[in-house]
Amino acid sequence: MYRQGDVLILPVPEETVPRSVRELPPSPRDGRGRMVLALGEATGHAHALAAPGTLLRTPDPLVPDHLHLPSGGRLVHEEHAAITLPKGWYRVVRQREYVPGSVRVVAD
Amino acid sequence: MPTGTVRETHFVVGDWQAAGFATGPADRARAEAGVAAAYASAGLKPPERYLWVPSPARGAVAAAVIAGHGEALEAAGLDDLLEQARTDLTDLGDLTAGPSVLTDVRTRPWEAERAAACSEQGPEQWPRTWADTGGLLWDQVQSLVARVRGACGEQATGRSLGARRRRSTREKREAEALLRAATLDAVLGQHDAPWLALFESLGRLDGPLTGLAEVARSAGWWWPYERLVILSERPSELYRDEPGRLHRADGPALAYPDGFALHAWRGMPIPAGFVASLKNLTPDRISSEQNAELRRVMLEIFGYDRYLAETGARPLHRDETGVLWSIELPGDEPVVMVEVVNSTPEPDGTHRTYYLRVPPDTRTARAGVAWTFGVDEADYHPEKQT
Numbered sequence: 001m002y003r004q005g006d007v008l009i010l011p012v013p014e015e016t017v018p019r020s021v022r023e024l025p026p027s028p029r030d031g032r033g034r035m036v037l038a039l040g041e042a043t044g045h046a047h048a049l050a051a052p053g054t055l056l057r058t059p060d061p062l063v064p065d066h067l068h069l070p071s072g073g074r075l076v077h078e079e080h081a082a083i084t085l086p087k088g089w090y091r092v093v094r095q096r097e098y099v100p101g102s103v104r105v106v107a108d
Numbered sequence: 001m002p003t004g005t006v007r008e009t010h011f012v013v014g015d016w017q018a019a020g021f022a023t024g025p026a027d028r029a030r031a032e033a034g035v036a037a038a039y040a041s042a043g044l045k046p047p048e049r050y051l052w053v054p055s056p057a058r059g060a061v062a063a064a065v066i067a068g069h070g071e072a073l074e075a076a077g078l079d080d081l082l083e084q085a086r087t088d089l090t091d092l093g094d095l096t097a098g099p100s101v102l103t104d105v106r107t108r109p110w111e112a113e114r115a116a117a118c119s120e121q122g123p124e125q126w127p128r129t130w131a132d133t134g135g136l137l138w139d140q141v142q143s144l145v146a147r148v149r150g151a152c153g154e155q156a157t158g159r160s161l162g163a164r165r166r167r168s169t170r171e172k173r174e175a176e177a178l179l180r181a182a183t184l185d186a187v188l189g190q191h192d193a194p195w196l197a198l199f200e201s202l203g204r205l206d207g208p209l210t211g212l213a214e215v216a217r218s219a220g221w222w223w224p225y226e227r228l229v230i231l232s233e234r235p236s237e238l239y240r241d242e243p244g245r246l247h248r249a250d251g252p253a254l255a256y257p258d259g260f261a262l263h264a265w266r267g268m269p270i271p272a273g274f275v276a277s278l279k280n281l282t283p284d285r286i287s288s289e290q291n292a293e294l295r296r297v298m299l300e301i302f303g304y305d306r307y308l309a310e311t312g313a314r315p316l317h318r319d320e321t322g323v324l325w326s327i328e329l330p331g332d333e334p335v336v337m338v339e340v341v342n343s344t345p346e347p348d349g350t351h352r353t354y355y356l357r358v359p360p361d362t363r364t365a366r367a368g369v370a371w372t373f374g375v376d377e378a379d380y381h382p383e384k385q386t
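Residue numbers (UniProt numbering), protein chains in the order written: chain Z, 1 to 108; chain B, 1 to 386.
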């Protein structure tokens, strides 16, 4: 388990990656040929890897992405120290915040 | 039976996501052709007239008038809305709308396709198919639809947060219910995207649903009658945050060309101009706000860290992952937050801290941080963090 800022990267056994995820087309790489795990909204800074591999992303922003690194890679970010990831499959989780369920708005 | 070549599911879902949240003028010619196709496929003659309205709110009032509720709206004192709807409808000359054909045009063919698709998929595959298609879009689209429906009704009572709280009479509440009910007689057009994504992924848009799909790609909500169809424009503005909630500080998060609009901060309804009114916010003003949702918005804009500092709050728990804080609020669940420190120092050697709200029953800082990543407290042990 690795954490770079608001991104948590969990190694997962290959056989636990759902078939529907494996069949997704790889997410396109950015202009510098990198896989961007998450882009900072305000700063444009990115959690990114230039290694060989695939990033598989579902359309729902709250569903974790998957990352396959057949030969490992180095995760970099402008504000955080780099993290070396061994080869394998990973689940990539964005940090979330609690949003209260519907509370009663004070009535008339 | 499904027909044609089915595109890959992720393209289908992506396109319907784009259609569902599309803004800008309707493609009227294409929408009207879609309506005619839907009527034809239901065995009906195409409507004689197409009445375009700028928003579903205007459409709902017209639909309520057509349904014979003009007097009830009048009794509620909704003269402006009523006059507008009558003007919209008198432009049609002596044409009467005729009965609603919603069941023939939408409900019946839709149900038939759904039943066929469901039985073809079987009880195990069906929920998976939904989860891979419509399910990905459902919550976001549905919360938008629910807000628009509510606001269509609130035209009657002025109960929206933006208006001063007026006395709501029985007549006004009845008119609100009638307007909301009128929204249930609409085909949702672009907001039918989740189900249309499912149907398309199964190759089921090339049959009786072709026309409905065509309107959904080109317009907003619409009301089908025997001789007339009312069609609404799409929003002119739509702003959402990353999880897809309506969110904007400096204007409406959702607006239609006639000014019908919703203001929201991270999904929470707020009055127009609310964020701008918070310039000289104080902790006292925050804690005296009676409306829990508005208070949350105030807290978020004021800054949790500043609020904690200025109210002298004490931490609940502290461990190597961070600090757990709580703010007690009268009549609401406490705001419980973890204060987390970035592991990598800033260029000046300091460490940036930030606050994240976690569920109110959180007891330790580690449990709070683990929750923000959807991991159990016991499993949260990063071997490296930066």
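Treat the hints as calculated values from the structure; they're not laboratory data.
The reader is advised that the hints may include incorrect statements.
[Said to hold, decoys possible] SDA-like mimics (lysine to any residue), calculated; alpha carbons at most 20 angstroms apart, straight line: (1) B/384 / Z/72; (2) B/45 / B/95; (3) B/384 / Z/1.
Problem set entry | Agreement of residue 45 of chain B and residue 95 of chain B with the hint, judged by alpha carbon distance not exceeding 20 angstroms | 15 angstroms, holds
Problem set entry | Restraint check for residue 384 of chain B with residue 1 of chain Z, where alpha carbons must lie at most 20 angstroms apart | 7 angstroms, holds
For this session: Given the hint that residue 384 of chain B pairs with residue 72 of chain Z, test it: the Cα-Cα distance must not exceed 20 angstroms.
Result: Holds, at about 15 angstroms.
In summary, this structure violates none of the numbered hints.
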